[in-house]
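Heads up: the protein sequence lines correspond to chains H and U, in order. Position 242, counted from 1, in the first sequence is what our numbering calls 242; the numbers after and before it change by one each time, with no gaps. Position 251, counted from 1, in the second sequence is what our numbering calls 251; the numbers after and before it change by one each time, with no gaps.
Please note that the accuracy of each hint is not assured.
Said to hold, decoys possible - Below, a list of computed lysine-lysine pairs in the BS3-like style, where the Cα atoms sit at most 27 angstroms apart: (1) U:K278 x H:K132; (2) H:K282 x H:K266; (3) U:K81 x H:K15; (4) H:K106 x U:K278; (5) U:K187 x H:K155; (6) U:K145 x U:K89; (7) H:K132 x U:K206; (8) H:K179 x H:K210; (9) H:K117 x H:K155; (10) H:K103 x U:K187; (11) U:K187 x H:K117; (12) H:K155 x H:K106; (13) H:K169 x H:K75; (14) H:K266 x H:K283; (15) U:K187 x H:K15; (16) H:K179 x H:K266; (17) H:K22 x U:K278; (18) H:K277 x H:K179.
What the hints assert, rightly or not - To list a few chain U residues with every Cβ distance to chain H over 12 angstroms, as calculated: (19) V28; (20) E58; (21) C72; (22) K145; (23) P179; (24) G192; (25) T195.
Stated by the list, open to error - Coverage of chain H stretches by chain U, computed from C-beta distances (three or more under 8 angstroms per stretch; other residues unrestricted): (26) 98-108; (27) 238-245.
No wet-lab data here; the hints were simulated from the structure. Every residue, glycine too, gets a C-beta built ideally from N, C-alpha and C.
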Amino acid sequence: MAKLDLIDIRKTYPKSDLETLKGINISIEPGEFLILVGPSGCGKSTLMNTIAGLEDISSGEIRINDVDVSGLAPKDRDIAMVFQSYALYPNMTVRENMAFGLKIRKTPTTEIDAEIKRVSELLQIDHLLDRKPSQLSGGQQQRVAMGRALARRPKLYLFDEPLSNLDAKLRVEMRTEVKKLHQRLGTTIVYVTHDQIEAMTLADRIAVMKAGEVQQLGSPYEIYNHPTNMFVAGFMGSPSMNFVPITVLENSDGHACTELTGSDGKAQLLALPDKLKTYVGKKLMLGLRPEHISQQLSHHSETDLISAARFNIEILEPTGPETIAQITINDHAVHCRLAPDLSITAGQDLDLMIDVSKASFFDPDSERNILL
Amino acid sequence: MHSSSTSQGDNGLGRWLIYGVLALMALVYLLPLFVMLVTSFKTGTDIRTGSLISLPQEWVTDSWQAAWGTACTGVTCDGIKGYFWNSIKMVVPAVLISTFIGAFNGYVISKWRFKGSDLFFSLMLFGCFLPFQLVLLPMAAMLGKLGLANTTTGLVLVHVIYGVAFTTLFFRNYYINVPDELVKAAKLDGAGFFTIFWAILLPISKPIIMVTIIWQFTSIWNDFLFGVVYSGADSQPITVALNNLVNTSTGVKAYNVDMAAAIIAALPTLLVYFVAGKYFVRGLTAGSVKG
Chain H
1 MAKLDLIDIR KTYPKSDLET LKGINISIEP GEFLILVGPS GCGKSTLMNT
51 IAGLEDISSG EIRINDVDVS GLAPKDRDIA MVFQSYALYP NMTVRENMAF
101 GLKIRKTPTT EIDAEIKRVS ELLQIDHLLD RKPSQLSGGQ QQRVAMGRAL
151 ARRPKLYLFD EPLSNLDAKL RVEMRTEVKK LHQRLGTTIV YVTHDQIEAM
201 TLADRIAVMK AGEVQQLGSP YEIYNHPTNM FVAGFMGSPS MNFVPITVLE
251 NSDGHACTEL TGSDGKAQLL ALPDKLKTYV GKKLMLGLRP EHISQQLSHH
301 SETDLISAAR FNIEILEPTG PETIAQITIN DHAVHCRLAP DLSITAGQDL
351 DLMIDVSKAS FFDPDSERNI LL
Chain U
1 MHSSSTSQGD NGLGRWLIYG VLALMALVYL LPLFVMLVTS FKTGTDIRTG
51 SLISLPQEWV TDSWQAAWGT ACTGVTCDGI KGYFWNSIKM VVPAVLISTF
101 IGAFNGYVIS KWRFKGSDLF FSLMLFGCFL PFQLVLLPMA AMLGKLGLAN
151 TTTGLVLVHV IYGVAFTTLF FRNYYINVPD ELVKAAKLDG AGFFTIFWAI
201 LLPISKPIIM VTIIWQFTSI WNDFLFGVVY SGADSQPITV ALNNLVNTST
251 GVKAYNVDMA AAIIAALPTL LVYFVAGKYF VRGLTAGSVK G
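Here chain U stands alone, though its shape is the one from the complex:
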């Protein structure tokens, strides 16, 4: 009796200790976001007089409006809203196209093996390990030849090409766990190459589609290097605009505007994760389709 009650007491204490440490870690982790949020709602004077983590004297949304519509990014002073839409125009097609191509590649590599398909897959995999810097110059030359330099279309193309290596890997690993008998049954039912993909494989791919969309959306939205190299003045994505906004110094540095712009730039990826995040873990862990 005695020993059991002590051990329970130990358990309780240990548990509180673990929770305490976890809470502390969470606080440390959330602190930068907290600072960003409160700073974005402060006035300029408030920032200069108050401390970094103090709450605003007066909550104002001026800096949010400025970041969205009037802040200067380089020579223009229209805020980041135009670039936000640039990013949307680039991300949506790039994510959808690369996901679709990945699904199709994965289907072929896992279910329609051909001579050299393993080699093909290995080479695709190799693409995942290529650093961005390596492809900068050749890609620039190619975009120039295609007449797509400094266009959103060009950026979409770059992201699709770079992303297909990852999306193919995701879908191939998912489809490899789908029993081949499913494909055989469909073949005997009279379904052809495309029907099997559309009617059988794609409808059971929701978890891996979600994973791929989150992955691609996050990496393309957050990309800076390709954005700064291949975009023109009117096709720059938000990451480039954010950089320009922070680096444009006209008098006093407007930290509140910088913070607001940074949060705006990060919102879509957060949103995607909140909406589809539950599929992320599920899609990465679950693979096999049990009939």
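Chain H with its partners taken away, still in its complex shape:
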């Protein structure tokens, strides 16, 4: 178990004008599971490669247990990595794959055997030890790749989109396996993915990246409920957060509110948190997650921040556990989560409940969350 500190990591590729990494600062505690998430090309894989030492950094420091390793070769950093393509050595058996790193480090044979026994039992691959990678299924190869990383007991584990080559069902299974493994071994893990569900389910903390910068670093709860900007808000969650442009008003009681216009052109009032009173007359971006708009729920009495409103249901998408409905607010398509057993058809009007107590509000120009 090790502590990892990334201090102002910058990276510019030769022959490129753009910085790929623009000053990354992240501290990872011993035993922490950190997930780097972001769209393609955001620099998350580059960052991982620089931690591993497979790519140089232009400036900054990478510290493992307070020792600067940024000048060290990959083999001297004591890091193991699991790759998206697994990268198992095709000419070696599963056993040899796992023993390779140990042999190079001149570990005694008896110790290697014991280590392979421990890891293969842990990952339930002990019956596959004498097979070649080509004789294994995708999920088994994935386990072997993790086994190879575990066998060396490195200070730090890096996972580079390890589950993206698996089919959907296996991916969910392996996700649970990874989580179990981390809970059992308590190792420090940096994990790259573009899958926001993986990020939410696995991470102790998530770093959302975009264009070489960390947009937000926080627990899954913080990232989901208190996104710092519209990019983070829109990236995490599926269906993603609805953004509705609003103008802040003040009602006759002196509370903040706004008008929502449906597809029929009728305006309905929506109560806003009183913190927004300083924004009266200004335009804001209201961020509402689909689950914050639902059918009328009897046990949720109408409180200050839960408003009732009637909208035309344009499209219904039943997913089984819930039904996603599309409505229009202020000329923007908005998704809401409805109960699956609600008897409505597309085109009908429905009384909905909008809960703004968990909504986010963004400045439309800077796209930053104004309440944080």
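Use these hints to put chain U onto chain H, whose structure you have.
Relative to the frame of chain H, chain U by itself:
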């Protein structure tokens, strides 16, 4: 029903037509080999009296023995056996060394890119298009300076240098399809530059090694120009000896001996192709290594 049965009949007929044409082409193609074979087993009188494609009146192996051990090549009359071994002594090291260097070059160019490695590769590629004649004189001068003129070692060196362009190309194109992640994984496992080559890349290179060996063996064994220019009297390869044997005229021309010698000279390349040929197509088409 009617139309389907006709079309089947057409199919059958068309198929037989295709087979017929193919068989005919194969026959035409094999005819020279047939003539060589039957001629080599004929006696001198048989050749003069019979037709070119008739079978021998009497099957004799005299000309084979003569070609191997007693036929005259220029001034000596010891057959081609000595030259056969000359060729073996030249081909084996030249093929092995050029293949190994090619593998190593390919590994570096594809997996350890350095500044200017693309330019380096382009220049290597350029070497594939250099005609033999272009390098004759400079190479002769260089061999002379190295003290390797007229030696087997010199010939090996020439073939290695000339062959490395091709072998590098083969291995580079094979390794470029090996995922970089394999090398990255090995680096993190602690393997260094040479360990990655020996323990990871080389063991998965069997198909391309076979391709390179067949290619190099065939072109070096069949080479005449370098052989005739750079070899000395006692290091001449078999192609040169075959030329001398055919051109040495002492009385009647012994076609049967010529044919036997030519077949002997061609046997090793045929053998290599039979043994390793199945890898040839496989190695050229398959590239990527799926984990």
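Given the hinted pair K106 of chain H and K278 of chain U, is their alpha-carbon gap at most 27 angstroms? violated (40 angstroms)
Was K145 of chain U rightly flagged as not at the interface, with every chain H Cβ beyond 12 angstroms? Holds: least Cβ distance 41 angstroms, greater than 12 angstroms.
For a C-alpha distance cap of 27 angstroms, please report whether K278 of chain U and K132 of chain H respect it. Holds, at roughly 23 angstroms.
Taking a Cβ-to-Cβ distance below 8 angstroms as contact, does the region 238-245 of chain H have at least three residues touching chain U? violated (count 0)
Restraint check for K117 of chain H with K155 of chain H, where alpha carbons must lie at most 27 angstroms apart: holds (20 angstroms)
Given the hint that K169 of chain H pairs with K75 of chain H, does the C-alpha gap stay at or below 27 angstroms? violated (35 angstroms)
Given the hint that K187 of chain U pairs with K155 of chain H, test it: the Cα-Cα distance must not exceed 27 angstroms. holds (16 angstroms)
Decide, holds or violated, for the assertion that all CB atoms of chain H are farther than 12 angstroms from the CB of G192 of chain U. violated (7 angstroms)
Proposed proximity, K266 of chain H with K179 of chain H (alpha carbon, max 27 angstroms): Violated, because 49 angstroms separates the two Cα atoms, which is more than 27 angstroms.
Checking a non-interface call: every C-beta of chain H should be farther than 12 angstroms from the C-beta of C72 of chain U. Is that right? Fine: 52 angstroms to the nearest Cβ keeps C72 of chain U off the interface.
With the threshold set at 27 angstroms, check whether the alpha-carbon distance from K81 of chain U to K15 of chain H stays at or below it. Answer violated: K81 of chain U to K15 of chain H is near 60 angstroms, above 27 angstroms.
For a C-alpha distance cap of 27 angstroms, please report whether K266 of chain H and K283 of chain H respect it. Answer holds: K266 of chain H to K283 of chain H is near 19 angstroms, not above 27 angstroms.
Violated hints, in rising order: 3, 4, 13, 16, 17, 18, 23, 24, 25 and 27; the structure is consistent with all others.
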